[in-house]
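Protein chains in written order, with our numbering: chain A, 12 to 321; chain B, 22 to 433.
Check each hint, because a few of them may be wrong.
[Claimed, not checked] FRET-style restraints, in silico, Cβ to Cβ:
{"id": "1", "chain 1": "B", "residue 1": "Asp-69", "chain 2": "A", "residue 2": "Ile-302", "range": "53 to 59 angstroms"}
{"id": "2", "chain 1": "A", "residue 1": "Ile-141", "chain 2": "B", "residue 2": "Glu-228", "range": "48 to 54 angstroms"}
{"id": "3", "chain 1": "A", "residue 1": "Ile-59", "chain 2": "B", "residue 2": "Pro-371", "range": "54 to 60 angstroms"}
{"id": "4", "chain 1": "A", "residue 1": "Phe-310", "chain 2": "B", "residue 2": "Leu-60", "range": "46 to 52 angstroms"}
{"id": "5", "chain 1": "A", "residue 1": "Ser-308", "chain 2": "B", "residue 2": "Asp-418", "range": "42 to 48 angstroms"}
{"id": "6", "chain 1": "B", "residue 1": "Pro-254", "chain 2": "A", "residue 2": "Ala-105", "range": "34 to 40 angstroms"}
{"id": "7", "chain 1": "A", "residue 1": "Met-303", "chain 2": "B", "residue 2": "Lys-433", "range": "29 to 35 angstroms"}
{"id": "8", "chain 1": "A", "residue 1": "Leu-282", "chain 2": "B", "residue 2": "Gly-255", "range": "34 to 40 angstroms"}
[What the hints assert, rightly or not] If you want a taste of the chain B side facing chain A, the calculated C-beta under 7 angstroms gives, among others:
{"id": "9", "residue": "Lys-90"}
{"id": "10", "residue": "Arg-94"}
{"id": "11", "residue": "Pro-115"}
{"id": "12", "residue": "Ala-119"}
{"id": "13", "residue": "Asn-260"}
{"id": "14", "residue": "Ala-262"}
{"id": "15", "residue": "Ala-263"}
{"id": "16", "residue": "Ala-397"}
{"id": "17", "residue": "Ala-400"}
{"id": "18", "residue": "Lys-401"}
{"id": "19", "residue": "Glu-405"}
{"id": "20", "residue": "Gln-408"}
{"id": "21", "residue": "Glu-409"}
[Said to hold, decoys possible] Computed list of lysine to any residue pairs in SDA-like fashion (alpha-carbon distance at most 20 angstroms, straight line):
{"id": "22", "chain 1": "B", "residue 1": "Lys-433", "chain 2": "A", "residue 2": "Asp-69"}
{"id": "23", "chain 1": "B", "residue 1": "Lys-433", "chain 2": "A", "residue 2": "Leu-79"}
{"id": "24", "chain 1": "A", "residue 1": "Lys-76", "chain 2": "B", "residue 2": "Gly-120"}
{"id": "25", "chain 1": "B", "residue 1": "Lys-433", "chain 2": "A", "residue 2": "Gly-72"}
{"id": "26", "chain 1": "A", "residue 1": "Lys-76", "chain 2": "B", "residue 2": "Ala-114"}
{"id": "27", "chain 1": "B", "residue 1": "Lys-433", "chain 2": "A", "residue 2": "Leu-73"}
{"id": "28", "chain 1": "B", "residue 1": "Lys-426", "chain 2": "A", "residue 2": "Phe-93"}
{"id": "29", "chain 1": "B", "residue 1": "Lys-167", "chain 2": "B", "residue 2": "Phe-286"}
{"id": "30", "chain 1": "B", "residue 1": "Lys-426", "chain 2": "A", "residue 2": "Thr-81"}
{"id": "31", "chain 1": "B", "residue 1": "Lys-192", "chain 2": "A", "residue 2": "Asn-157"}
{"id": "32", "chain 1": "B", "residue 1": "Lys-413", "chain 2": "A", "residue 2": "Thr-171"}
{"id": "33", "chain 1": "B", "residue 1": "Lys-90", "chain 2": "A", "residue 2": "Gly-74"}
Please keep in mind that the hints were generated in silico from the structure rather than gathered at the bench. What you are looking at is a predicted structure, and each value in this text was computed from that prediction instead of being measured. Cβ coordinates follow ideal geometry from the N, Cα and C atoms, glycine included.
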Amino acid sequence: MTGSATTAIAGTGRGRTTFWKKNQRALAPWIFLAPGVAMFSLYVIYPIIASMWLSFYDWDGLGEKVWLGTQNYIELFDDEAFYTSLKNNIIWLALYMLAVPAGLFIALFLNQTVTGIRIYKSLFFFPFVISQVVVGLIFSWFYAPNFGLFYNLIEWITGTGVAVLADDRYVTYGIIAAGLWPQIAYCMILYLTGLNNVSPDQIEAARLDGARGWRMLWHVILPQLRPATFIAVVVTVIGALRSFDLVSIMTDGGPYGSSRVLSFYMFEQALSEYGFRMGYGAAIAVILFAIMMVFISGFIWKMIRDERGM
Amino acid sequence: MKLLKTALLGSAAAAIMASTALAQAREVKYYADFDPAPLAAFEAVIADFEAANPDIDIVLQNFDHEGYKTSIRNFLSADSPDLANWYAGNRMAPFVNAGQFQDVSDVWTDNNLGETLASAKGSMTIDGKQWGVPYTYYQWGIYYNKDAYKQVGVEVPTTWAEFIDNCAKFKEAGIDCVTTGTKALWPGAGIFDYMNLRTNGYDFHMELTAGKVAWTDERVKNTFAEWAKLVEPGYLTANHAALDWQDAAALLVQGKAANYVMGNFAVAVFKDGGMTNDTLGFMVFPEITAGIPRGEEAPTDTIHIPAGAKNVEDAKTFLAYIATADVQTKLNEALGQLPVNNQSKVGDDPFLQAGFEMLSTADGGIAQFFDRDAPAEMAKIGMEGFQEFMVKPGNVDQILDRLEKARQRIYK
Numbered sequence: 012m013t014g015s016a017t018t019a020i021a022g023t024g025r026g027r028t029t030f031w032k033k034n035q036r037a038l039a040p041w042i043f044l045a046p047g048v049a050m051f052s053l054y055v056i057y058p059i060i061a062s063m064w065l066s067f068y069d070w071d072g073l074g075e076k077v078w079l080g081t082q083n084y085i086e087l088f089d090d091e092a093f094y095t096s097l098k099n100n101i102i103w104l105a106l107y108m109l110a111v112p113a114g115l116f117i118a119l120f121l122n123q124t125v126t127g128i129r130i131y132k133s134l135f136f137f138p139f140v141i142s143q144v145v146v147g148l149i150f151s152w153f154y155a156p157n158f159g160l161f162y163n164l165i166e167w168i169t170g171t172g173v174a175v176l177a178d179d180r181y182v183t184y185g186i187i188a189a190g191l192w193p194q195i196a197y198c199m200i201l202y203l204t205g206l207n208n209v210s211p212d213q214i215e216a217a218r219l220d221g222a223r224g225w226r227m228l229w230h231v232i233l234p235q236l237r238p239a240t241f242i243a244v245v246v247t248v249i250g251a252l253r254s255f256d257l258v259s260i261m262t263d264g265g266p267y268g269s270s271r272v273l274s275f276y277m278f279e280q281a282l283s284e285y286g287f288r289m290g291y292g293a294a295i296a297v298i299l300f301a302i303m304m305v306f307i308s309g310f311i312w313k314m315i316r317d318e319r320g321m
Numbered sequence: 022m023k024l025l026k027t028a029l030l031g032s033a034a035a036a037i038m039a040s041t042a043l044a045q046a047r048e049v050k051y052y053a054d055f056d057p058a059p060l061a062a063f064e065a066v067i068a069d070f071e072a073a074n075p076d077i078d079i080v081l082q083n084f085d086h087e088g089y090k091t092s093i094r095n096f097l098s099a100d101s102p103d104l105a106n107w108y109a110g111n112r113m114a115p116f117v118n119a120g121q122f123q124d125v126s127d128v129w130t131d132n133n134l135g136e137t138l139a140s141a142k143g144s145m146t147i148d149g150k151q152w153g154v155p156y157t158y159y160q161w162g163i164y165y166n167k168d169a170y171k172q173v174g175v176e177v178p179t180t181w182a183e184f185i186d187n188c189a190k191f192k193e194a195g196i197d198c199v200t201t202g203t204k205a206l207w208p209g210a211g212i213f214d215y216m217n218l219r220t221n222g223y224d225f226h227m228e229l230t231a232g233k234v235a236w237t238d239e240r241v242k243n244t245f246a247e248w249a250k251l252v253e254p255g256y257l258t259a260n261h262a263a264l265d266w267q268d269a270a271a272l273l274v275q276g277k278a279a280n281y282v283m284g285n286f287a288v289a290v291f292k293d294g295g296m297t298n299d300t301l302g303f304m305v306f307p308e309i310t311a312g313i314p315r316g317e318e319a320p321t322d323t324i325h326i327p328a329g330a331k332n333v334e335d336a337k338t339f340l341a342y343i344a345t346a347d348v349q350t351k352l353n354e355a356l357g358q359l360p361v362n363n364q365s366k367v368g369d370d371p372f373l374q375a376g377f378e379m380l381s382t383a384d385g386g387i388a389q390f391f392d393r394d395a396p397a398e399m400a401k402i403g404m405e406g407f408q409e410f411m412v413k414p415g416n417v418d419q420i421l422d423r424l425e426k427a428r429q430r431i432y433k
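Kindly generate the complete structure, drawing on both the sequences and the hints.
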């Protein structure tokens, strides 16, 4: 439709001009949308469909593609490593949510007027500024056996050190803790801006009515922070689902694959040093996409409802 | 470590090492993944080659080592150079089978390489053709801290039983008998390879990595039973899954560990840490099953001509040049590794001499390394299994079942 519209503009024939005039209001939005639609189709829609298509093949990225049908998915549902990754993704989702209340708490704590409060705010925000790679590196030193601060601390308290990143029981929690550090800072900054917009009149009114402490927070402040909470939850969910860099930096999915998440497993199968299974990787990507869609649809649903004022 | 590599990738990829281009020179594009020292050695060799062949200009583009392993797939199919570094054995199979490497059998026959590079011919051959030219290899074995041996008062063992007895004494003294760092997985595979080579021999090891034997086979279980003698009493460095191989090297240097199953490239790291020829020792991995021919491990590095090469003729001239005895002598002296050409001279370094001695007397055969002998997917799953075994030896049956399941899928 965009093609015909462009030729319509270029056309000088009488009949065309009337067609353009007649349909101008209907066509103009589409013309303005065209560049965006083209980009979105090429870089978002097409790769999604191509990945789904690829997930039905066996392909090493070099040779011939072989049609497998649903074989990749059948194998995936019988793959221990897949369930480990899925379980870790769920743990990530659940624990990453702690960033929201923790961020709120720090924001409330910092929302006061003391000399130099801006410096404290920036210091708290600092972890979010550092690259995830550096965060991962710092935490892997923190946990490192023999010289890591955390390792030595545990050794000093209990007598035996715990190498968090070498132990399949703790490794995922160790990585999530590293991920929470910058994520809390992010939620904090969202809430700090939100707190600026809290109406002083309402607080005043609530105070006159005798609301204090928790009741004030729960019934007066929090409802006004709803937009900030919404954004904080969205970025945290997305952050949890695309947790890749920390896993890659801190453990490479190890020990023996126990800290993998779906995005990392996909990378490992399709693109890493030993990964030659594009089709299998694509199948994992499709599953991850399906999980993300649940959340994304939820968010979009809520946004549409809000826009319509329901 | 990883961060450093990522940083290097950026700078290395940008730096194109163009040598003095002559007016009419025909260009040969060469993609490689050298560390700094080998890079210097190769630049010298290229300069010599260009002096001998003034009409050929080798343009070397160096990549970061780890990044190269993933980028090779892109550049082979998109913008192919005339020469590319890679590895022998099954590691080159995906590229050969996909038709991404050219058959260079004529370089072998024209230059009598079947004779001079005899030891590597098998690992360069797929479907009866040769697909590249090897220029260096290096031995694996056990590097040990002589001071730790003196401190505990034990002799260098020749059999596995003696080795394990020593381990008990090291443990009493608070020294890790064997150290390793399996964060990157592959160091663990070195231990497995030797356990299997010594328990069941080279031929069995090759059958296993080629997928012809079940992982649940009794003989594989025997290998793991021998290995358990090391793992179960805790003679192996704890928390090795969180260590890089360099971290474990530090333990050996500090005398906190006695033995390290490693490749010869680690000698540079030990010596950087302050060890000398007086404190660092090398031994052949001790005998486990008496009487089987001794197989050893020596990964070979190779150069190939991609299928999309534009200047095949001159690329072949370069391959023939790299294969000659003198060039390999000079190159490997600088690399600190072993020349493949059997007419080359081996450097004076005691570890090179020991490695050369060990490999030339290996009557079983020379394995490449687990991740080069086995196909990529099997290598990955296998190495994870080895790491798990070294943490939880009790899981051996589950691990072997998992590997067997993978084997049935991968080698169809």
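Here is how each hint holds up against the structure:
The hinted range of 53 to 59 angstroms is satisfied by Asp-69(B) and Ile-302(A), whose Cβ atoms lie roughly 58 angstroms apart. Hint check: Ile-141(A) to Glu-228(B), Cβ distance near 50 angstroms, so the stated range 48 to 54 angstroms holds. Roughly 59 angstroms separates the CB atoms of Ile-59(A) and Pro-371(B), a value that falls within the hinted 54 to 60 angstroms. The supplied range of 46 to 52 angstroms is met by Phe-310(A) and Leu-60(B), whose beta-carbon atoms lie about 50 angstroms from each other.
About 44 angstroms separates the C-beta atoms of Ser-308(A) and Asp-418(B), a value consistent with the hinted range of 42 to 48 angstroms. A beta carbon spacing of about 39 angstroms between Pro-254(B) and Ala-105(A) agrees with the range 34 to 40 angstroms that was offered as a hint. Between Met-303(A) and Lys-433(B) the beta carbon distance is about 33 angstroms. The supplied range of 29 to 35 angstroms therefore holds. Under the hint 34 to 40 angstroms, the C-beta atoms of Leu-282(A) and Gly-255(B), about 37 angstroms apart, fit the expected range.
At a threshold of 7 angstroms, the smallest CB-CB gap from Lys-90(B) to chain A is about 5 angstroms, leaving the interface hint in force. Because the beta carbon of Arg-94(B) sits about 6 angstroms from the nearest beta carbon in chain A, less than 7 angstroms, this interface hint is met. This hint holds: Pro-115(B) has a C-beta 6 angstroms from the nearest C-beta of chain A, less than the 7 angstroms allowed. Checking Ala-119(B) against chain A: minimum C-beta separation of about 4 angstroms stays under 7 angstroms; hint holds.
The restraint placing Asn-260(B) at the interface with chain A holds, with a minimum CB-CB distance near 4 angstroms, inside the 7 angstroms limit. This hint holds: Ala-262(B) has a C-beta 4 angstroms from the nearest C-beta of chain A, less than the 7 angstroms allowed. A distance limit of 7 angstroms between C-beta atoms decides the matter here; for Ala-263(B) the minimum to chain A is near 4 angstroms, and the interface restraint holds. Residue-level restraint check for Ala-397(B) holds (minimum Cβ-Cβ distance to chain A is 4 angstroms; threshold 7 angstroms).
Satisfaction of the interface hint for Ala-400(B) is found here, the shortest Cβ-Cβ separation to chain A being roughly 6 angstroms, below the 7 angstroms cut-off. Given the 7 angstroms rule on beta carbons, the hint for Lys-401(B) holds: about 4 angstroms separates it from the nearest Cβ of chain A. With a least beta-carbon distance of about 5 angstroms to chain A, the hint placing Glu-405(B) at the interface is held under the 7 angstroms criterion. At about 5 angstroms, the closest approach between the beta carbon of Gln-408(B) and any beta carbon in chain A falls short of 7 angstroms, and the interface hint on this residue holds.
About 4 angstroms separates the beta-carbon of Glu-409(B) from the nearest beta-carbon of chain A, less than 7 angstroms, and the hint is met. Taking the CA atoms of Lys-433(B) and Asp-69(A), the gap is near 13 angstroms; set against the 20 angstroms cutoff, the hint holds. Pair hint Lys-433(B) plus Leu-79(A) holds up; C-alpha atoms about 14 angstroms apart against a cutoff of 20 angstroms. In summary, the hint linking Lys-76(A) to Gly-120(B) is supported, as the alpha carbons are separated by about 14 angstroms, within the 20 angstroms threshold.
The suggested pairing of Lys-433(B) with Gly-72(A) holds, with an alpha-carbon distance near 18 angstroms, which does not exceed 20 angstroms. Note on Lys-76(A) and Ala-114(B): the hinted pairing holds, with a Cα-Cα distance of about 17 angstroms set against a maximum of 20 angstroms. About 18 angstroms separates the Cα atoms of Lys-433(B) and Leu-73(A), which keeps this hinted pair within 20 angstroms; it holds. Restraint check: the Cα-Cα separation between Lys-426(B) and Phe-93(A) comes to about 15 angstroms, which is no more than 20 angstroms; the hinted pair holds.
Of the pairs offered as hints, the one joining Lys-167(B) and Phe-286(B) holds, with about 19 angstroms between alpha carbons and a cut-off of 20 angstroms not exceeded. Annotation: proposed proximity of Lys-426(B) to Thr-81(A) holds, straight-line Cα distance about 19 angstroms (limit 20 angstroms). A C-alpha spacing of about 17 angstroms is found between Lys-192(B) and Asn-157(A), which places the hinted pair at or below 20 angstroms, so the restraint holds. Between Lys-413(B) and Thr-171(A) the alpha-carbon distance is near 18 angstroms, which keeps this suggested pair within the 20 angstroms criterion.
For the suggested pair Lys-90(B) and Gly-74(A), the alpha carbons sit about 17 angstroms apart, so the restraint of at most 20 angstroms is met.
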